[in-house]
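Asker: Modelling step: build the complete structure from the supplied sequences, incorporating the hints.
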Amino acid sequence: AEPSPGITDDTIKIGVTGPLTGPVAVVGGVAEGIRARVEQANGEGGVKMGDGKTRKIELVIEDDGLDPQRTLANVRKMVEKDKVFALVGTAATPNNLAIGRYISQKKVPNVFMYSGVVALNAPEWEVGFVPSFSTEADAFAEYLKINRPDARVAFLYLNTETGQTFMTAFDGAIEGTAIRVLERQPVTSQDPTVETQLNTLKASGADTLVIIAAPRQGGEAIRFQSESGWKPLTLVTNLSSAYPVLQSVGLENAKGIITSDFLKPIVSDQKSGDEGVDRYLDAIKSANVNFVFANTIGQTGYAIGDALIQSLEKLKQPTREELMKVVHNMDGWKNPLFFDGISMNTKEGSDIYPVEALQLYQFDGQKYIPIGGVLEFEGTTHE
Amino acid sequence: MNDSSIEEVRPVLQARDVSVQFGGVKALTDVSLFVRPGEICGLIGPNGAGKSTFLNAATRLVNYATGSIMLDGQPLEGVETRDMIGRGVARTFQNLGIYASMTVLENVMLGAHHRLGGSFAKAIFAPLRARALERSNREKAMAVLEEVGMANLAARAAGSLAYPLQKRMEIARALAAEPKILLLDEPAGGLTHGEVHEFGALVDGIRRRRNLSILLIEHHMGLVMSLCDRIVVFHLGRNLAEGTPAEIKSNDAVIAAYLGKAA
Amino acid sequence: MTLLDIRDLSVFYGKTQALFDCSFSVGEGEFVALLGSNGAGKTTLLRAVSGLLPFKGSVFYAGKALDKISAQTRLALGVAHIPQGRGTFTEFTVEENLSLGATIVASRSQVREDKERWYETFPRLRERRNQLAGNLSGGEQQMLAVARALMSRPKLLMCDEPSLGLAPSITQEILAIFKSLNKENGMTLLVVEQNVDITLQYADRAFVIEAGQIVASGTASDLIGNEDIKKSYLGVAG
Amino acid sequence: MRDLSLSTAIKLSLFAIVAASISVFAPAYALQQVAIAIAYAIAILGLNLLMGYAGQICLAQGTLFGVGAYVTAILNATYGVSPLATLPVAAAVSAAVGLLIGLPALRLQGLQLAIVTFGIAAAFPQLLLKLGSLTGGVSGLPVDAPETPGFMTDVPELWLYLIALACAGIGALLVSRVLFGDAGRALRAQRDNPQIAQALGVNLTRTRLWAFATSSALAGLGGGVFAIVSGFISPESFLAILSINIVIGSIVGGVTSMAGAFVGGLFMVFVPSWASDINLSLGNLIYGLALILIMMVARNGITGFIEKWISMIFRRAAG
Amino acid sequence: MSLFFQLVTSGLATGAIYAALALALVLIFRATNVVNFGQGEMATFSAYCTWQLMQWGVPLWLAVLASLVGAFAIGIVTFRLIIRPMMDAPVEATVVITLGILVLFQAACMWIWGAEQLSFPSLFPGGGFGIGEVRVLASAVGTLAILLAIALAMGFIFRFTKLGLSMRAAAFDRTRSVLVGVDVERMLMLGWGFASVIGALAAILIAPRLFLSPTMMTPILFYALAAATLGGWDSPLGAIVGGLAVGVTESLGASYLPFVGADMRIAVPIALTLIILLVKPVGLFGSYKVTKL
Ligand SMILES: Nc1ncnc2c1ncn2[C@@H]1O[C@H](COP(=O)(O)OP(=O)(O)OP(=O)(O)O)[C@@H](O)[C@H]1O
Ligand SMILES: Nc1ncnc2c1ncn2[C@@H]1O[C@H](COP(=O)(O)OP(=O)(O)OP(=O)(O)O)[C@@H](O)[C@H]1O
Ligand SMILES: CC(C)C[C@H](N)C(=O)O
Ligand SMILES: [Mg+2]
Ligand SMILES: [Mg+2]
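Residue numbers (my numbering), protein chains in the order written: chain P, 50 to 432; chain L, 539 to 801; chain W, 358 to 595; chain X, 216 to 534; chain V, 3 to 295.
Calculated directly from the structure, the hints in this document are not laboratory data.
Among these hints, one or two may not hold up.
Cut-off 25 Å, straight-line C-alpha distance, at most; resulting in silico cross-link-like pairs (PhoX-like, lysine-lysine) [unchecked claim]: (1) K155/P <-> K396/P; (2) K564/L <-> K282/V; (3) K564/L <-> K291/V; (4) K372/W <-> K523/X.
Answerer: See the structure below:
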C-alpha cells in the first residue's frame with residue numbers, strides 16, 4: 050500500500066499536544082514521558098518496524114495550555130503542515146472531543162489518548178490508554194464490598210465528565226449492596242481551597258471518603274482527612290495519589306490512603322533491579338524531563354511512548370489504517386511500567402480500552418503496598 | 539426679595555430660600571436670586587461664598603435641602619441634571635468643563651447634543667439621517683465659533699488652547715445649546731485688562747443678538763460693574779446685598795466683605 | 358546680589374518653541390513681576406526654572422547652574438513654585454496639603470509653627486482643615502496653594518497668576534502677604550500676573566514678555582506711567 | 216475632512232489587500248486560524264467601543280463571546296437551525312445578557328466594574344457545566360459546518376474565512392456608525408467627565424447601556440462565528456482567561472482603533488503559539504516578555520504605534 | 003450548629019488567604035496607583051526562593067528573611083526596568099504590562115522549579131486546636147495575626163507618617179508632588195519594593211495551605227481582587243475585612259445555598275461585592291474621589 054503521510058523509509062513523524070503551560074501544566078508530563086521513551090528508542094538506533102525498515106521517530110510537540118481550541122489548531126497544523134503520521138498521548142477529554150471530527154475527516158490516528166473518560170467521538174481513529182474512571186470506580190466499589198460492606202461514603206468529585214463518569218459507575222457497582230453514598234461535593238480545578246466541601250462531607254457522618262480530584266485539591270483532601278480529626282477510610286483516584294502529591298501533603302498525613310493504579314509504584318530514583326523501571330529511570334535522566342521520577346503522569350507518558358513503539362514494531366504496512374488495525378487488536382501487550390499481571394488488550398469493533406485492570410494499593414507512610422490481587426475488568430468498560 | 543420687581547416680568551430663573559449642605563458644611567443658607575429675561579445679572583461674593591454652589595444647584599448638579607428654584611415659573615424639583623440644558627439652561631464651569639482630548643469643534647458640537655439625542659439606535663438604524671444631522675450640527679457649531687471669534691481654532695485640540703480661550707470655547711458650547719439663560723462661572727479668568735474689555739463687549743453682543751439672560755459670576759470688578767444690569771452679592775452662603783452696579787460699589791457691607799479698600 | 362540669573366533661556370514643547378533666548382535677572386530680596394498677555398510664555402518660564410521643563414541656555418540660582426539639578430533639589434535650595442491652576446492635592450485634606458508643602462522641612466516644630474501661622478492668615482483654611490482640598494471653592498484652593506508653597510519657607514517664590522479666581526480683597530491680601538514676606542523675611546518674589554495695575558502697586562520691578570521674548574523691563578513706577586508699553590503689550594486701555 | 220476620507224480609503228484598500236492575500240497564500244489550517252482570529256476581532260471591536268470609547272472596563276467579554284457561541288451551537292445542534300441563521304440570534308441574546316451585566320455599570324466605574332465583571336467571567340464555565348442538559352456539559356456541543364458553495368468545496372476553510380470576514384465587516388460598520396457622530400461624542404464625553412456630560416444633556420444610563428449592548432452584541436456575533444469556524448465548542452474554551460486575553464488583544468491592538476481589533480485578534484491566536492514554537496519550554500516566558508516589550512515600545516497599541524510612524528513619515532515627506 | 007461554626011472558622015482561614023494577597027494588591031495600588039495583576043506570581047517566585055534556600059540547608063527563618071530582602075530587590079528591579087519607563091503611559095498599557103509580569107513570573111517558576119506542587123513548611127506549629135467540635139488551625143490564626151499587624155502598620159504609615167503621605171502624593175500626581183519636593187521615583191520604587199515584600203510574606207504564609215506551585219496564586223486572584231474591592235482599594239484594613247467576608251460568605255453560601263453549591267460558590271463573592279458596591283461604590287472602607295465643578 051501507499052505509505053501514509055508522515056512516514057518515510059527511515060523516519061516517522063508523530064505529533065503530541067498537551068498542556069505544557071497553564072494551571073494544569075503537570076499534565077504536560079505526558080508529553081515529556083513520551084519524549085523520554087522516544088529519545089531512548091532513537092538512541093538505540095530507531096524502531097525496527099513490521100515492514101522490516103528501521104525508522105527514527107520524529108516527535109512534534111505542541112503546547113495547547115489545555116484549551117481545546119488550541120489543541121485543534123495544533124492538530125491541524127501538525128497534520129497539514131508538519132504532516133505527522135499519527136497523534137499520540139493527546140491530553141484531556143474536552144481536547145480529544147474537540148479534534149474528534151477533524152481526525153475522522155482526515156483519517157488521522159489519535160492513539161493512546163490521556164483521557165479517562167469513555168465517550169469519545171471518533172472511535173475508529175482513536176484508542177485510549179489509561180483505564181476509564183468507570184473502571185477505577187468499579188475497583189473502589191469492589192474493595193468496599195469486601196472490606197467495608199456497610200460503608201457510608203462521601204464523595205469529593207471533580208465537577209467535569211471525570212467525576213460524573215466515576216460516580217455513575219460507582220453508583221451502578223454498589224447497587225444491591227449495603228453501601229450508601231451520604232454526601233457528594235463537587236470541586237473544580239479553579240477552587241482555591243476545598244475546605245468548605247470537606248467540612249460538609251465530614252458533617253455528613255460518612256466513614257469513607259472517596260476523592261476524585263486533580264492533584265491540588267486531592268492533596269488538600271488527603272491532608273484534611275488526617276488533620277481534621279475525621280478518620281474516614283480514604284480512597285483516592287490515581288489522578289492525585291502520585292508520590293509527589295503525597296510528598297507535598299506530608300507522607301505521614303497520607304498514611305493509610307488507598308488508591309488504584311496500573312503502574313508499578315516507583316518511590317526511589319535508585320536502580321531497583323526491575324528492568325522496566327530501570328530503563329525508565331535511565332530514559333528520563335538522559336531526556337532531562339521536567340517532572341520528577343515518581344510522577345505518575347510522566348510515567349504514564351513513558352508507558353504511552355512504549356506502547357507507541359510496540360505498535361510501530363507490529364506495523365506491517367506504513368499506513369494509518371494499518372496502525373489503527375494494530376492498536377485495535379492488542380492482545381496481552383506488556384508494558385515496562387505496568388504492574389505485573391496487567392497488560393493491554395483491545396478488540397476491533399468492541400473494545401478500544403487497552404488497560405482495564407487495576408491494582409489496589411495502600412500507602413504505609415513510606416511507600417505503596419499492593420493489597421489483594423489485580424482486579425480485572427477486561428471488556429467491561431462502560432459509561 | 540424685592541417682590542414688586544418680580545411682578546413686572548416673570549423672571550427666567552428664580553430661586554427662593556435655597557440651602558445647600560455638604561456634610562457639615564453649610565455652603566448656602568436661604569439664598570434667593572432671580573434673573574429677568576434679557577438681563578445680565580452679576581453674582582459676586584468672597585471666595586467660598588457659595589456662588590459656584592448656587593450654579594450647581596440651579597443646574598441640578600447638587601441637591602438643595604430647602605427652598606425652591608423655578609425656571610420660567612416651573613419648579614426644578616425632580617428634573618434630571620441632563621434635562622436642564624434641554625429646558626434652556628446652559629452653563630460654563632469655574633474649573634473648566636472642557637473635553638481636552640476632543641477638538642474645539644467637537645466640544646462645541648456637544649453643546650447641541652440634547653437636541654440631536656445622540657441615540658445609538660438612530661446611528662445604527664438610520665445612518666443617513668444621523669449623518670445629515672451631524673452635518674447641520676457641524677455648520678451651526680462653526681457659526682457659533684465664528685460668533686465668538688474662534689473659527690480658526692476649530693480643529694485644535696481643546697486641551698492645547700490657552701486657558702482664556704478654553705473658557706471662551708465653553709461659552710461657545712453653551713451657545714450651541716441655544717439656551718434661554720446662560721450661567722457663566724468666572725468666564726474672564728486669566729484675561730488681561732484689555733482683553734477683559736473686549737470680552738465684555740463679546741458677552742454683551744451675545745446677549746443682545748440672542749436676547750439671552752445671563753447670570754455672571756466674576757471677580758473681575760471692572761467687567762461686572764460695566765456689564766451687569768443688576769448685581770447680587772453672596773457672603774458666607776447668604777444674600778448680602780442686591781442692586782445696581784453703582785449701589786453695590788458703594789455698599790459698605792460689600793466693600794467690607796468683598797471689594798476691599800481700593801476697588 | 359543676583360539670586361536668579363537667566364541667560365538665553367529657550368524652551369521647546371516638542372518642536373514648537375515657546376521661549377526665545379530670554380535673559381533677565383532677579384536680585385535677592387526683590388519683588389519682580391512678570392507681565393505679558395496670554396500665551397506669552399510666562400508659565401513656561403516658571404516651569405523651566407522650577408524644573409518641570411527642560412531648557413536650553415542657562416539659569417543660575419544663587420550662583421548654581423540649575424540645568425543639572427533635579428526639581429526636588431531646587432526646592433531644597435529654596436525655589437518654590439505655585440503653579441497656574443493651583444496644583445493642590447485634591448484628594449488630600451487641607452492639613453495634609455500643608456504637610457506636603459513641608460516635605461523638605463525636617464523640623465517638626467517648624468512645620469507646626471508655620472501651619473499655625475498660615476491658618477492664622479487664612480482662617481478659611483483652618484475651618485476646612487480636615488476637608489478634602491478638592492471640595493474647596495476655587496478661591497479657597499488658591500489660598501491653600503499659596504499657603505502650601507510658603508510651608509517650605511522658600512528663598513525664591515514664583516507664583517503664577519495668584520489673582521486668578523480670587524476676590525479682589527483676597528488678591529490684595531495675598532499680594533500684601535507677599536510684600537511683607539519680601540520686606541520682613543527678605544524673600545525674593547517672581548510673580549506672574551495679568552492684573553497689571555494691582556501687581557505694579559506691590560512689585561519693585563517688572564519684565565514684560567511677549568511671544569516668548571522679553572520685550573520690556575523697568576521699575577514698577579516707570580511701567581505704571583508708561584502708557585506705550587501698557588497699550589502695546591499689556592492691553593491696558595487708558 | 217477630505218484628508219479623513221482619504222486616509223479611510225487608504226486604510227480600507229490596505230485592509231482589502233491584506234485580507235485577499237491571506238485568502239490566497241495562507242494554507243487551509245492557517246486560514247481557519249485566521250478565521251478564529253477574526254471571530255475574536257469582532258468581540259474586540261465591541262470591547263474597543265466599550266473600553267476605548269465608553270471607558271467602561273468589562274472583563275466578561277469572553278463570557279458574552281461564549282454566550283454567542285453557545286446560542287449558535289444550541290440552536291444548531293439541538294434545534295437544527297442552519298448555522299448562519301443563528302448569528303443574529305447569538306448577537307441579540309448576547310446583547311441582552313450584556314445589558315444585564317451592564318446594569319451595575321450604571322453605578323460602578325473603572326476598577327470596581329472590572330472586578331465584578333471578572334467574577335462573572337470566572338463563574339461562566341461553571342454555569343455552563345451546571346446547565347449541562349442545555350449546553351452538553353463538559354463534552355460540549357458540535358456545530359455543523361455551514362453549507363459551502365459549490366465552487367469552494369475543496370477549501371471549506373476559505374468559506375469559513377469569508378463568513379468571518381463578512382461578519383467582521385458588519386461589526387466594523389456598526390461600530391463606525393456609532394462612533395463617528397453625536398452618539399460617539401456623547402460616549403467619549405461621559406467617559407472623560409460624566410458630570411459635565413450630564414450637564415450637556417447626555418443620558419448616562421442610556422448611553423452606557425447602549426454601549427454595553429452594542430459591545431455585547433458584537434461579542435455574541437464573534438462567538439457565533441467562533442462556534443461555526445471551530446465546529447465544536449466546550450466550556451474549556453470560555454474560561455475567565457479568555458476575557459483577559461480579549462482585553463489583552465484589544466489593548467495590544469490599540470483600544471481606540473478598528474484596525475487594532477484585527478491586530479488584536481491575530482495576536483491572541485498566533486503569538487502564544489509562535490512563542491512556544493520558538494522554544495517549547497520557554498514559550499510562556501517569551502510570551503510574557505513579548506507582552507511587556509510590545510507595550511513598552513507601543514504604549515498606544517500596535518496600530519497606534521504604526522499610525523505614529525506613518526504620520527511621521529508623511530510629515531517628513533511633506534515638509 | 004457545629005457545622006455552621008466550622009464553616010465560619012474555615013471560611014475565616016480561607017479568607018485569610020485571600021486577605022494576604024489582597025493586602026499586597028492594596029499596598030501597591032495605594033502607593034503607585036497601579037493594580038499589579040502579577041503581584042501574586044511575583045510573590046510565588048519569592049516563596050520558591052525560600053523553598054530553594056531551605057533545600058540548600060538554610061534554616062526556615064533565615065530563608066524567609068533572605069527571600070523577603072530578595073523580594074524587595076525584585077520589586078525595585080521590576081519597577082526600574084519595566085514600570086518606570088511606563089510611568090506616563092496610558093493605564094491600558096500598564097494593565098497589559100502587569101499581566102505580562104504575571105505570565106513571566108509564572109513561566110519562570112515553572113521553568114526553574116517545574117509544575118509539580120511542593121510542600122512548603124509552615125511558620126506556625128502544625129495542626130490546630132478544638133473549640134468544642136470546631137477545629138481551628140494554628141496557621142490560620144497566626145496568618146491572620148500577622149496580616150492584621152501589617153495592615154495596621156500600613157494604615158498608620160499611610161495616614162500618619164511623612165513617608166506615607168509622600169507615597170500617596172506620588173501615586174496621586176507626579177507633577178504636583180515634584181513641586182512640593184516629593185521624590186516621586188523613589189516613592190514609587192519604595193511602593194513596589196514594599197508591596198513585593200508584603201506579597202512575598204503573603205505567599206510564604208499561605209503556601210503551606212495551598213502547596214507551592216507556579217500557579218498557586220491564580221485561583222486566588224479573583225477572590226483577592228474581590229476582597230480588595232469590597233474593602234475599598236485604599237484601605238489595608240479593608241482588604242482584610244474584605245478577604246474574611248469573602249471567605250466566610252463563600253463557605254456558608256456553598257454549603258447552605260443549594261442552588262449555588264460548591265461548584266458555583268464563586269457567585270457568592272460576586273454577589274456580595276456587587277451588593278456592597280451598589281450601596282457604597284468605593285467599597286466598605288474606601289474613600290470617594292472628588293471633582294469640584
Ligand atoms: N462638595 C463639597 N464638599 C464640601 N464642601 C464644599 C463642597 N463644595 C463646596 N463646598 C464648600 O462650600 C463653600 C462654597 O463653595 P463655592 O464653590 O460655591 O464658592 P464660590 O462662591 O464659588 O467661591 P469662589 O469664588 O472661590 O469660587 C466653600 O466654602 C466650599 O469649601
Ligand atoms: N504643553 C504644551 N504643549 C505645547 N505647547 C504649549 C504647551 N504649553 C504651552 N504651550 C504653548 O507655549 C506658549 C506659551 O505658553 P504659556 O502657558 O507659557 O503662556 P502664558 O504666558 O503663561 O499664558 P497664560 O497667561 O495664558 O497663562 C503658548 O503659545 C502655548 O500655546
Ligand atoms: C486532571 C484533568 C486534566 C483530567 C481530565 N479531566 C481527564 O479527562 O483526563
Ligand atoms: Mg466658584
Ligand atoms: Mg500661564
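Asker: Against the 25 Å threshold, does the CA-CA distance of K155/P and K396/P hold or violate the hint?
Answerer: holds (23 Å)
Asker: K564/L and K291/V were given as a pair; does the straight-line alpha-carbon distance stay at or below 25 Å?
Answerer: Holds, at about 20 Å.
Asker: With the threshold set at 25 Å, check whether the alpha-carbon distance from K564/L to K282/V stays at or below it.
Answerer: holds (24 Å)
Asker: Holds or violated: K372/W and K523/X, Cα atoms, limit 25 Å.
Answerer: Measuring from Cα to Cα gives roughly 16 Å; hence the hint holds.
Violated hints: none; the structure is consistent with every hint.
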